Amino acid sequence: MEELTAAVITLALYLLVGTIIALLSRRVGIKTTSDYYVAGHRLGGILAAISYAATTYSAFMMVGLVGLTYATGVGAFGFEITYLLSTIFLLSYVAPKVWKLAKERNWVSPAEMISDLYGLKPLSLIVAAMYLLALIPYASAQLIAVGRMVEGMAPGLYWLGIVLGVVAALIWTGLSGMWSLASTDLYQGLWMILAAIGFITWLFLWGGPDIASGTVRMAEKGLLGMKWSPLVFVSYSIPWAFFAVTNPQVVQKLYTPKDERALRRLITLFTLFGLSYTVIVTVIGLASRALTEAGRIPAIKVGDQVTPILLSYAPLPLAVFVFTSIVAAAMTTMDAIVLALSSTASRDVYQRFLGGDDRTAINLGRISILILLLLLSYVAYLKIGFIVDLSVLASALLLPLAPVTLIGWFYGRRGKVMGYAAIASLASGFSIGLYWALVHGARKSLVTPIFGLPSTLFILVVSTLIMLIPLARR
Amino acid sequence: MKDKAYLVWSLLVLALSYTVPYLILRECRDLSLYAFWLVLTLIHFAVTLIYLKGGVPWRS
Numbered sequence: 000m001e002e003l004t005a006a007v008i009t010l011a012l013y014l015l016v017g018t019i020i021a022l023l024s025r026r027v028g029i030k031t032t033s034d035y036y037v038a039g040h041r042l043g044g045i046l047a048a049i050s051y052a053a054t055t056y057s058a059f060m061m062v063g064l065v066g067l068t069y070a071t072g073v074g075a076f077g078f079e080i081t082y083l084l085s086t087i088f089l090l091s092y093v094a095p096k097v098w099k100l101a102k103e104r105n106w107v108s109p110a111e112m113i114s115d116l117y118g119l120k121p122l123s124l125i126v127a128a129m130y131l132l133a134l135i136p137y138a139s140a141q142l143i144a145v146g147r148m149v150e151g152m153a154p155g156l157y158w159l160g161i162v163l164g165v166v167a168a169l170i171w172t173g174l175s176g177m178w179s180l181a182s183t184d185l186y187q188g189l190w191m192i193l194a195a196i197g198f199i200t201w202l203f204l205w206g207g208p209d210i211a212s213g214t215v216r217m218a219e220k221g222l223l224g225m226k227w228s229p230l231v232f233v234s235y236s237i238p239w240a241f242f243a244v245t246n247p248q249v250v251q252k253l254y255t256p257k258d259e260r261a262l263r264r265l266i267t268l269f270t271l272f273g274l275s276y277t278v279i280v281t282v283i284g285l286a287s288r289a290l291t292e293a294g295r296i297p298a299i300k301v302g303d304q305v306t307p308i309l310l311s312y313a314p315l316p317l318a319v320f321v322f323t324s325i326v327a328a329a330m331t332t333m334d335a336i337v338l339a340l341s342s343t344a345s346r347d348v349y350q351r352f353l354g355g356d357d358r359t360a361i362n363l364g365r366i367s368i369l370i371l372l373l374l375l376s377y378v379a380y381l382k383i384g385f386i387v388d389l390s391v392l393a394s395a396l397l398l399p400l401a402p403v404t405l406i407g408w409f410y411g412r413r414g415k416v417m418g419y420a421a422i423a424s425l426a427s428g429f430s431i432g433l434y435w436a437l438v439h440g441a442r443k444s445l446v447t448p449i450f451g452l453p454s455t456l457f458i459l460v461v462s463t464l465i466m467l468i469p470l471a472r473r
Numbered sequence: 000m001k002d003k004a005y006l007v008w009s010l011l012v013l014a015l016s017y018t019v020p021y022l023i024l025r026e027c028r029d030l031s032l033y034a035f036w037l038v039l040t041l042i043h044f045a046v047t048l049i050y051l052k053g054g055v056p057w058r059s
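From first to last, the protein sequence lines are chains B and A. Quick note on numbering that gives the first Met the number 0: the first sequence kicks off at 0 and runs consecutively. Quick note on numbering that gives the first Met the number 0: the second sequence kicks off at 0 and runs consecutively.
With the rest of the complex left out, here is chain B (with noise of 0.2 Å):
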């Protein structure tokens, strides 16, 4: 009952002030569709930095990833910290180049980014439908990850969890758009690096010595070696590497930044939260799995469940705390990826193809958001098993637009024939990735190779090769 108490207090103090920052935010004046979703290109640094990172650390950090450290070692942070020096990279080199065209250009949505660079109209449309098959999954995924910690937390009430996840989603991105989403999403952020913060300190406090003694045992079993094969690691991080050009819910926020020194600021904060929050959650996997080693916890056969099983030892207010910071961390994903379809509709369908005004697009885009939001709570709510499994495939599906995008963003504009080599590159990386799920399994597609190479990296290959060949002949 104290565990109840607590819980809901926590959640209900969450969501108000949450909600008390999203009506803040509709203070700012908004007037077209770039002000809705893309904040006018007027976003500070801080809440730019803030936002990216957020939605970028979904619930599979604190959860998966805590379970996946556990389970194989020092490998997972390669797997997670080769994502970071990619974007880090990718970031630095071409966000500048994006921000400024997309400025320019008045960019939206990345369908109509890529539209754009290609000067093929239809190109958005079958952007979009990539975007829709391979992110429903991934932020159904979130919203079940919502009611779990909710049941966690109140057994029985899996159900309110997707009730009050969908109604504060609705709020914080329908409100105003990327204002409110942004702010939520500072917010939220702070909630979750200030919770694995006290997480990790209290580990340490709690379990010091064994932790020391565990961890010679996992040196013994190679644990602290490179345990991931090859083929795992690249098939795994590949999708990863790309993901800041690939998915949508990030590539709209480089457009956000006001000026070079915000978009400067959006990099450096993003990889000083990203890798302080990588390092304190494999540390707690890794200090996890030396406390099994030395016998203070038992073994735990479902990654998945590492995170709660040790938060059951420890401080109630703790206990709740992280477990709202995975709300958290699920909420703020979802919602990017909300807005991100949301402006595909509003912007792309609605606006460039029907011609529409920008005040009936936006309340098209907030009829959207409730629609996609509706849609995912009935996935959330049926629970489907192979939802959680699609959502894994998200970034290897999207994986097509890496070269479609990157050679956009720089050999862009160069006729017809790149559109076309564009919707050629797209069709064969997106059947392919399918190809393999629906013949192998979801978690299985990604580490069976294909002709040898691993399957991400063929796909990347094949779509890199066909947007290579027009761009060679030139």
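Just so you know, these hints were derived from the structure itself, not from any lab. Please note: incorrect hints may appear among the correct ones.
[Stated by the list, open to error] Some chain A residues close to chain B (C-beta under 10 Å, calculated; not the full set):
id : residue
1  : Tyr5
2  : Trp8
3  : Phe44
[Stated by the list, open to error] Below, simulated PhoX-like cross-link-like pairs (lysine-lysine); rule was C-alpha separation at most 20 Å, straight line:
id : chain 1 : residue 1 : chain 2 : residue 2
4  : B       : Lys96     : B       : Lys220
5  : B       : Lys102    : B       : Lys30
6  : B       : Lys226    : B       : Lys99
7  : B       : Lys300    : B       : Lys443
8  : B       : Lys220    : B       : Lys30
9  : B       : Lys257    : B       : Lys96
10 : B       : Lys415    : B       : Lys120
11 : A       : Lys3      : A       : Lys52
12 : A       : Lys52     : B       : Lys96
13 : B       : Lys30     : B       : Lys226
14 : A       : Lys3      : B       : Lys300
15 : A       : Lys52     : B       : Lys220
16 : A       : Lys3      : B       : Lys382
17 : B       : Lys300    : B       : Lys226
18 : A       : Lys52     : B       : Lys257
This one's a predicted model, so the numbers in the text were calculated from it and none came from an experiment. Yeah, the Cβ is synthetic: ideal placement off N, Cα and C, and Gly gets one too.
The hints should help you fit chain A onto chain B, whose structure is shown.
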């Protein structure tokens, strides 16, 4: 020129992050592998800060 140097540097960092764990630190029994990736990231971040703040005319 600075852009090219940063591009080469970044590709080198990524290549190291994939190869060193298999070629040198695969069987390590201390926290060398963790430290390697951590230090590599910190160095890459420091170089990136110099690239971003060094008055570089950003790509246009």
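Check whether the Cα positions of Lys30/B and Lys226/B lie no farther apart than 20 Å.
violated, 54 Å
Quickly compare the C-alpha distance for Lys300/B and Lys443/B to 20 Å and report which way the hint goes.
holds, 19 Å
Next pair to validate is Lys220/B with Lys30/B; report whether the Cα-Cα distance is within 20 Å.
violated, 60 Å
Hint consistency between Lys257/B and Lys96/B [alpha-carbon to alpha-carbon, up to 20 Å]:
holds, 14 Å
Between Lys52/A and Lys257/B, is the straight-line Cα distance small enough, at 20 Å or below?
holds, 18 Å
20 Å limit on alpha-carbon distance, applied to hinted pair Lys300/B and Lys226/B:
holds, 18 Å
Interface restraint verdict for Tyr5/A against chain B (beta-carbon cut-off 10 Å):
Status holds, d = 7 Å.
Would the hint linking Lys52/A and Lys96/B be met if the CA-CA limit is 20 Å?
holds, 16 Å
Can Trp8/A be said to touch chain B, with a Cβ gap under 10 Å?
At 9 Å from the nearest chain B Cβ, Trp8/A passes the 10 Å test, so the hint holds.
Check the hint pairing Lys3/A with Lys382/B against an upper bound of 20 Å on the C-alpha distance.
Violated, at about 49 Å.
Does the structure keep Lys226/B and Lys99/B at a Cα separation of 20 Å or less?
Answer violated: Lys226/B to Lys99/B is near 43 Å, above 20 Å.
Restraint outcome when Phe44/A is required to lie within 10 Å of chain B by C-beta distance:
holds, 5 Å
The structure does not agree with the numbered hints 4, 6, 8, 13, 14, 15, 16 stated previously, though it agrees with the rest.
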